Amino acid sequence: MHLLWAIPALPLAGFLILFLTEGRLPRSVVSSIGAGSVGLAALLTGYVAWQFTSSDSSEFVSSSWTWMIVGEFNVSFRLWVDALSLVMVSVITGVGFLIHWYATGYMSEEEGYSRFFCYMNLFVFAMLILVMGDNLLLLFLGWEGVGLCSYLLIGFFHKVPEFGYAARKAFVVTRVGDTFLIIALFLIFKQVGSLQIQEGLTFARESMPDPATINTIICLLLLGGAVGKSAQVPLQTWLPDAMAGPTPVSALIHAATMVTAGVYLIARMQDFFMLSQTAMLCVAAVGLVTLFIASFTALVQSDIKRVLAYSTMSQIGYMFFALGVGAWSAGLFHLMTHAFFKALLFLASGSVILAMHHEQNMFKMGGLWKKLPIPFIAMLVGSAALVALPLTSGFFSKDAILLTAWKNSPYAILFWTVAVIAAFLTSLYTVRMMVLTFFGKPQSEMHELKKESLWHPSRIRTVVPFGLLAVLSIAGGWMGFEFTSDLFGDKGVHAEFHFDPIALLTLGIPFAGVVVGYFLFASDLVDRRKIIKNRLSDLLSKFWHSGWGFDWLYDTLVVKPFRFIAQTRTNRNDIVDLFFKLIKFLASLFHHILSMFQTGHVRWYAFTMVGGLLLVFLAVVWI
Amino acid sequence: MSVMLLILLLLGAGVVAWVSERVNTTLPNWIALITFVATTLWVLVIWFNGPDTDGLYANLNREWIPRFGIDLHLRVDALSLMLIGLTTFLGIVAVVSSWTETKTRHGFFQFNILWVMAGVIGVFSAFDLFLFFFFWEVMLIPMYFLIAIWGHEDKEYASMKFFLFTQISGLLMLVAIVALVWINYNISGVLTFDYDVLKEANLDIATARLLMLGFFIAFITKLPSVPVHTWLPDAHTQAPTAGSVILAGILLKTGAYGIIRFVVPMFNEASKEFWVWGMSLGVISILYGGYLAYSQTDFKRLVAYSSIAHMGFILVGVYSFSKLGTQGAIITMIAHGFSTAALFMMAGAIQERLHTREMSKMGGLWVRAPRMGAVTMFFVVASVGMPGLGNFIGEFLVLIGAFQKSVVLTVFAAIGIVVAAVYGLSLMQRSFQGVPNPDVPKMHDFAFREMSVMVLLMIALVWVGIYPQSLLQMTAPLLSELLRPTL
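Which chain is which? The protein sequence lines are A and B, in order.
Count along the first sequence starting at 1, add 405, and that's the number in the numbering used here.
Count along the second sequence starting at 1, add 22, and that's the number in the numbering used here.
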């Protein structure tokens, strides 16, 4: 008996309690329910993971409960966990708990405290179902559930209309991806005759018809779904706007867990993807393009959370890239380490933002390291891991990806070069962010920092999560790879570290980036004003700032025409109805014409009678 | 026998409610409420007692007008029982939602509600075509009164439009029924209106096509589907809340029921040829209805157009001629009944409080009435098709069934999922989110009366969402009969 079902049941129970009490519970109770349920789930995950590693079986299965059966179509509520799922579950509950804990402090002065934790718990539940479901429909339930919670939490401060629009954008854009995913489900059912994930994988391994065009289509549709959820090109535009949500939400949903669902989906459906070169190439290309575009964009943002958002996008790009070149374990490994250090970065930036009275513009910060030492150290650690300095967790995972790309990808030189350039850019924008926020001269008058937020009485709520995440960001690399490397058995590709030029270059690039970044943004050697004034760099920076114009493109092509037609009056009044209105018009027209003959004068009636008779008579004679 | 008693009970209660307004103006409400609660419990008892060996829950077959072969044939199988249960349950919702809305002629109002419901139950259980048509008309006229007397500003226009659309399409059906009976009489020498006999009538394909169209047009007008949907937005918008709840929750389902029960089994071959048209109409309804829903600025009108989109899924499901699609259509009927009833009730509640349905005059209502906000969010999310709630099950089964038949049409129908998100969330944002409208200083939140009904509807949707099997297994044995795979 391995209490598998209890892991998602705990946050679900938390959600139900908070939902049914309608915010009438005192805040302390809400905190213990909200964070406690996830904490218990994390403990339980630890226990299950221990059971799992000490048992011989490679999968844990819960008892099942019928969801629906129609003919051969049969899906049930059943949890199914292997090493891959377990890594995901650990990240979700572990990092999730730390973020929840942090949020009990972060949100303590906001309205709707209970509502916040209600949504957060629902999110954790949905995310757990996503990674633990044994069939694709259950996965889809989690998939849509996390989307809903993301929507609810982005628009959490519902009085601000922009946040509402950001939330809607996130939901609708990811729904486009979801539509691809659901069509993939239909196609898989048509091919395999079941939505059971394991049956599908077996089918893919053993009886997929050859040539596997259908398989490629399935993979591309799945990729479409993954791209939407994981904010990859071309459906990436919602993520930066999603930063409207409270910072713990950004940390949990838009950095550590939900946005990596796409990576999980592809990793989960590995056997399908392994069959199709085209699909693998597409996955790698999507990742590469995203990480390239997002890195440049992060370089010119002024909002600290948007820098982190674009950074998240590009790091997920690395994961896609890794999957696409066959470095499955490295990709998953990066997912895990990224969850640690990006959650840390977001939480630390959250503390900065809170201290600055919700100012997110880095140009209005500066010189904060003395005043906010704890967030500063936390952010320093997170940045080191993001940049992939040696011995941090990010180093192990990113290096593994880059080296595998060199050894294993079809277009090794191109792929590797782009990925390395992006790594260089990562260093640049990270240094820029740190310099603008923490160094230099204070840039605004807003330094009346709230005393309590600096030395908050309950600062344990920030310090402990920071500390644990910092330890994981550093040490997560040493322990993690062993764990993730046997996720995929011998199917993945591993790159051993050898001292050759490529390896050294890969190792050195982050340092080069940091050094260049220092000269560019911190030292006086480079005249920054000159760069800003240069027309080309101005143009480029505007272009990058807008996220390479994707928003503009979608606005012009889709949103504006859609709105325009919707708002014209005839359309609101339903064009089809014009036809029925015409009938009505004709009917009343004839009514009026005929009623004109009804004058009430006997003479007129007599005249028409005689006239009518005459006509009939003539007609008879003629015919 | 029980179903006849059920109908008579509703008819009788209607008369009692009408006269009881002389005693007290709230007495009719109580009589109607008690009647619906009692009938709902009654249906539940029948439900739990289970079917007999033929899969029937009730069966009554008496001669009525033997000279023309017309029988009093009422039969309740699983499909009928579900819809009858939905009807009596939404009766409770309708009565509660209009509890304080009517200002005049309270008794006559409840009389009409009870009589519509009686007619609907008759429609869902009649297995004699003449009787079916009789009930079809019985439910129409009280509905007309509900809109014409207690409706809003444009009630004359809306009620007349509703009446004409239904009446003219009903006439087509009547012609088709009479023609079918006559042709069957000429072939077999038996004059009968009985469903079971006429289902086996040996029609040549050309005649079958023509007769099928007669039924089909009547039913898609009721459903409604593009292009004969235009009565619905007007009727819904103008109807009193109870009227909208009944219209959307139940009356539309009679159209869907008609297609599933009559068009497909009776004109099986002709229908199978017709599948592209049926499915295409469904897809067009999904997209066009969804798009128009987004264009609206009137809360109720938006929900009304969204109903057209949801009903499109039923057409797609039925004309996919698969078990999955048909089951999906049936689940959609039930789930949409719950979710739309709730949304119309919400529209009515807002109108009662703010005296407007214009969303530009709302905004930020969540701050004023958080409970109403949360409830609306729940039902919007349900109607957007969130897994775990009923509507998703229906739409998913429809689409996965349709996919086996036509990939292209299914893909277009699936786009409707995105459109649903667009209009659903826009409804939510325009009314409940954003800056609180300063013109709305105060708004009473839901109290016990409204909340209790909403909670029941929520439970119902969750139940259909996570345990649809309880419904699926009931209708599963019917499928082969309804689909009639080519012999």
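These are computed hints drawn from the structure, not numbers from a lab.
Bear in mind that the values here come from a model prediction, so they are computed numbers and not experimental data.
Among the hints, a few may not be true.
[To be verified] With a Cα cut of at most 30 Å, we get these calculated DSS-like pairs of lysine-lysine:
1) B/K221 / A/K965
2) A/K986 / B/K427
3) B/K427 / B/K294
4) A/K947 / A/K935
5) A/K769 / A/K947
6) A/K564 / B/K294
7) B/K383 / A/K595
8) A/K846 / A/K986
9) A/K812 / A/K769
10) B/K383 / B/K464
11) A/K965 / A/K846
12) A/K935 / A/K769
13) A/K769 / A/K564
14) A/K564 / A/K965
15) B/K427 / B/K125
16) A/K595 / B/K464
17) A/K564 / B/K383
18) A/K769 / A/K938
Compare the distance between the alpha carbons of B/K383 and A/K595 with 30 Å, and conclude whether the hinted pair is satisfied.
Not OK: B/K383 and A/K595 at ~48 Å, beyond 30 Å, violated.
Quickly compare the C-alpha distance for B/K427 and B/K294 to 30 Å and report which way the hint goes.
Holds - the C-alpha atoms of B/K294 and B/K427 are around 12 Å apart, at most 30 Å.
Does B/K125 lie within 30 Å of B/K427 when you go C-alpha to C-alpha?
violated, 52 Å
Hinted pair A/K769 and A/K564, Cα distance within 30 Å
Within the cut-off at roughly 25 Å; holds.
Just to be careful, I want the Cα atoms of A/K564 and A/K965 compared with a cutoff of 30 Å; is the pair within it?
holds, 25 Å
Holds or violated: A/K564 to B/K383, with C-alpha atoms at most 30 Å apart:
Roughly 16 Å separates the two Cα atoms, so the pair holds.
Are the Cα positions of A/K812 and A/K769 separated by 30 Å at most?
violated, 45 Å
Need the status of pair A/K965, A/K846: alpha-carbon distance at most 30 Å?
Outside the cut-off at roughly 43 Å; violated.
Going straight from one Cα to the other, do A/K595 and B/K464 come out at no more than 30 Å?
Violated, because 54 Å separates the two Cα atoms, which is more than 30 Å.
Could you grab the alpha-carbon distance between B/K383 and B/K464 and see if it respects the 30 Å cut-off?
Status holds; Cα separation ~13 Å.
Pair hint A/K986 and B/K427, alpha-carbon separation not exceeding 30 Å
violated, 37 Å
Holds or violated: are the alpha carbons of A/K564 and B/K294 at most 30 Å from each other?
violated, 52 Å
Hints 1, 2, 6, 7, 8, 9, 11, 15, 16, counting from the list given before, are not met by this structure.
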